[in-house]
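Enquirer: Listed below, chain by chain, are the residues.
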Amino acid sequence: NAGVTQTPKFRVLKTGQSMTLLCAQDMNHEYMYWYRQDPGMGLRLIHYSVGEGTTAKGEVPDGYNVSRLKKQNFLLGLESAAPSQTSVYFCASSSGTIYEQYFGPGTRLTVT
Amino acid sequence: GEDVEQSLFLSVREGDSSVINCTYTDSSSTYLYWYKQEPGAGLQLLTYIFSNMDMKQDQRLTVLLNKKDKHLSLRIADTQTGDSAIYFCAEIVNDMRFGAGTRLTVKP
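Going down the list, the sequences are from chains A and B.
Be aware that the first sequence starts at 1, since it is given in this note's numbering, and climbs by one per residue.
Be aware that the second sequence starts at 113, since it is given in this note's numbering, and climbs by one per residue.
Possibly wrong hints are sitting among the right ones.
Taking lysine-lysine and the DSS-like style, the derived pairs with C-alpha atoms no more than 30 angstroms apart in a straight line are [claimed, not checked]:
1) A:K9 <-> B:K179
2) B:K148 <-> B:K219
3) A:K57 <-> B:K182
4) A:K57 <-> B:K148
5) B:K179 <-> B:K168
6) B:K148 <-> B:K180
7) A:K70 <-> A:K9
8) A:K71 <-> B:K219
Pulled from the structure, derived: some chain A residues nowhere near chain B, Cβ distances all over 10 angstroms [to be verified]:
9) N1
10) P8
11) L45
12) P83
Note that these hints are calculated values from the structure, not bench results.
Just so it is clear, CB atoms sit at the ideal spot from N, CA and C, and this is done for glycine as well.
Using the sequences provided together with the hints, build the complete structure.
Expert: Right under this line is the structure:
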C-alpha cells in the first residue's frame with residue numbers, strides 16, 4: 001500500500017518548456033488535489049477533482065491544467081513554464097471534502 | 113480574501129510545552145485541522161477538532177477552539193526534538209484552506 005506517490009521528485013525547466021507531474025493513489029479515494037507550497041505562504045490549492053473525469057479550479061489555477069482520466073491518477077500540466085511557477089508541488093487525496101487528506105512527498109520544480 | 117493566520121516561528125526547549133496559535137477565517141467551518149510537515153516530506157494529519165467542541169486531547173496534544181474569536185491552538189506537552197517540524201492549521205470552507213505554517217524548533 002504505497003499511499004500517494006508523485007513523479008518526478010525533482011525537475012528543472014527552462015522558461016517556456018512544458019511538463020506533466022503525475023500523482024497516483026492506491027486508496028480508492030474519490031477526491032484528489034494539487035497544491036503548491038511557497039515559503040511563508042502555506043499551501044495553495046491549484047486544481048482539484050471530486051471524481052474520475054471531473055476537475056475544478058482552486059485558488060491559483062492560472063498557468064496549469066489537470067486531467068483525471070483514471071480514478072487513481074491526477075495529472076498536473078504546465079504548458080509554458082514561467083519562473084513564478086518555481087515551487088514545491090504536493091498532490092493529495094481524500095475520501096471526501098471534510099476527511100483527512102493524504103499527501104504525496106512533493107515535487108520540487110525550478111524554472112530558470 | 114482573508115487568510116488563515118499563524119506565526120511563522122516558535123522555539124522551545126526540550127521538555128517544555130509548545131503552543132502554536134492559529135486564527136481562521138470562517139465561523140461556519142465544521143472541522144479544523146492540524147497537519148505536521150517534517151523536512152522533505154508531505155503533510156500528515158496530526159489531529160482535528162469538530163466545531164461543536166471546545167477542546168480535544170490526544171496523548172501529548174491538546175487542541176483548543178474559541179469559535180467566538182475564530183482562534184485555534186495546538187499545545188504539545190513535553191516537547192521532544194522529534195517534534196521539530198512545520199505545523200499547519202487548516203479549515204474547510206469550500207475547500208481546505210491552510211495557514212502559512214509555524215516552524216517549531218526544539219532545542220536540547
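Enquirer: Next, verify each hint and record whether it holds.
Expert: Cross-check of the supplied hints:
1. Pair hint A:K9 plus B:K179 does not hold up; C-alpha atoms about 39 angstroms apart against a cutoff of 30 angstroms.
2. Proposed proximity of B:K148 and B:K219 is supported: the alpha carbons are some 18 angstroms apart, at most 30 angstroms.
3. Between A:K57 and B:K182, the direct Cα distance comes to roughly 27 angstroms. Compliance with the 30 angstroms bound is thereby established for this hinted pair.
4. Under the criterion of a C-alpha separation no larger than 30 angstroms, the hint pairing A:K57 with B:K148 is consistent with the structure, at around 25 angstroms.
5. Taken as a hint, the B:K179 and B:K168 pair is honoured in the structure, with Cα atoms around 14 angstroms apart against an allowance of 30 angstroms.
6. Among the hinted pairs, B:K148 with B:K180 is consistent with the structure: their alpha-carbon atoms are about 26 angstroms apart, no more than 30 angstroms.
7. For the suggested pair A:K70 and A:K9, the alpha carbons sit about 21 angstroms apart, so the restraint of at most 30 angstroms is met.
8. A distance of roughly 44 angstroms separates the Cα atoms of A:K71 and B:K219; the hinted pair therefore is violated under the 30 angstroms criterion.
9. Its beta-carbon lying about 15 angstroms from the closest one in chain B, A:N1 satisfies the requirement of being farther than 10 angstroms from that chain.
10. Residue-level check passed: A:P8 sits 15 angstroms from the nearest beta carbon of chain B, beyond 10 angstroms.
11. Interface exclusion of A:L45 from chain B breaks down, the closest Cβ pair being 6 angstroms apart, not more than 10 angstroms.
12. Look at A:P83: its CB is around 21 angstroms from the nearest CB on chain B, clear of 10 angstroms, so calling it non-interface holds up.
Hint violations for this structure: numbers 1, 8 and 11, all remaining hints satisfied.
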